[in-house]
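J.: Sequences listed follow chains A and B, in order.
Quick note: the first sequence, position 242, residue 242 per the numbering used here, numbers continuous.
Each number in the numbering used here corresponds to the 1-based position in the second sequence with 265 added.
Simulated from the structure, these hints should not be mistaken for lab results.
What you are looking at is a predicted structure, and each value in this text was computed from that prediction instead of being measured.
Just so it is clear, CB atoms sit at the ideal spot from N, CA and C, and this is done for glycine as well.
Mixed in with the good hints, there may be bad ones.
Claimed, not checked - Residues from chain B shown here face chain A by an in silico Cβ test under 10 Å; the list is partial: (1) 311; (2) 316; (3) 342; (4) 345; (5) 346.
Said to hold, decoys possible - Taking CB as the label site, the calculated pair distances span: (6) A:96 <-> B:296: 38 to 46 Å; (7) A:33 <-> B:374: 44 to 52 Å; (8) B:316 <-> A:210: 24 to 32 Å; (9) B:359 <-> A:236: 21 to 29 Å.
Said to hold, decoys possible - Coverage of chain B stretches by chain A, computed from C-beta distances (three or more under 8 Å per stretch; other residues unrestricted): (10) 295 to 308; (11) 371 to 379.
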Amino acid sequence: MLVNSVVIVLREVLEAALMISVLLAISRFLGSSARWVAVALTLGLLGAAAYGFFLDPVSEFFDGVGQELLNAFLQFALCGVLAVIVFLIARQHREPREHDPVLPVLMAAAVVLAITREGSEVLIYVTGFVQINNFLSSVGLGSIAGASIGFSIGVLFYYLLLALPKRRMLMISLVLLSLTAAGMAAQATRLLIQADWLSAAGALWNTSGVLPEDSLPGQLLYALIGYEATPSAIEVGFYAASLAVMATSICVGWAICGNRTASPQ
Amino acid sequence: MKRSPHMFRFSNWVVALAIMLATDTIAAPPVFEIEIRNHLFQPDVLTVPANTKVKLIVYNRDSTPEEFESYELNREKVIMGGRKAIIFIGPLAPGEYPFFGEFNPNTALGKVIVKDGNDAGK
């Protein structure tokens, strides 16, 4: 039971933790305040509690696929927010704005969306099994351990990014955020297929022999870039489409920044 | 405007086509049901036809929540205690697709066996 709890909580925490580290590293790079994180974590936990509390009725919506639809909506929303975030970052990559009021708000929104979905599952798990007395200690301890490991990996990742040369760190962060967004879009697509709102044929390829999804690297890649061993064509399509949107968003922002700094000279 | 017999025939075709399309989409996917009891799937082996979309209804008879999960089927859904979940799977190629309950991964184990046409259901 203890190991299970560690794994369950770690899996859910990891995705959010990695995204938060990238956003925090960028905040640090741009020299803006990171106060938004505290607000976002608080709101995210409240969102997770609310979602967990209402999951039962939500699941009944739309002929029993409300859970899938709401999760897909949260994922697509996060995808959209990330697209605007990378644009704003690219726009000020050369000369960070002193007080960009929009970016911290959007970063907070991204974190709230991520925690609401991932956190609700953790809360349902912990509250569901903590009632049973003999499970209390192992579920409680395991969950704390899992959350701590996820948090540690996030911190490690944050310092890893900051240790890179500044320009490269920014590029890598933008690429990572794009891949994260694409992974979210693919996950959302999968949920719509599960809900029968989209139809999918069989898997396009199968890499589970080379890199199983339930292996440690598989899980890390899943959390970071939405790795999936047996994706259907429609998932790959959504993944590619959102990567294209993110790339366009970055390029446009980058170009605007270039023009602005070039013109006064 | 007076309708020509020709038009009539055309509209009849349209109606016939519409009915065909409607019955085709209404033809619901086959339903399969499993239960979760004491953190075990019952039955734990489910045989479904190949290349067919299937509606899976999972009843959670435990008081605790469970998460139906499968890497092979690419499915993941939380089912609260005493509730049921509807999960669409497939169309799938013949083969075995394991699933498990993420909250009780040591006991809640099962698999979907996908078989070609005539063998399914046996």
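J.: The structure should be examined with respect to each hint, and the outcome stated for every one.
T.: Here is what the structure says about each hint:
1. 311: 16 Å, violated
2. 316: 8 Å, holds
3. 342: 6 Å, holds
4. 345: Interface hint status for residue 345 of chain B: holds (5 Å vs cutoff 10 Å).
5. 346: 7 Å, holds
6. A:96 <-> B:296: 38 to 46 Å: With a Cβ separation near 57 Å, residue 96 of chain A and residue 296 of chain B fall outside 38 to 46 Å, so the hint is violated.
7. A:33 <-> B:374: 44 to 52 Å: About 49 Å separates the Cβ atoms of residue 33 of chain A and residue 374 of chain B, which means 44 to 52 Å holds.
8. B:316 <-> A:210: 24 to 32 Å: 26 Å, holds
9. B:359 <-> A:236: 21 to 29 Å: 23 Å, holds
10. 295 to 308: violated (count 0)
11. 371 to 379: violated (count 1)
In this structure, the hints that do not hold are numbers 1, 6, 10 and 11, in rising order.
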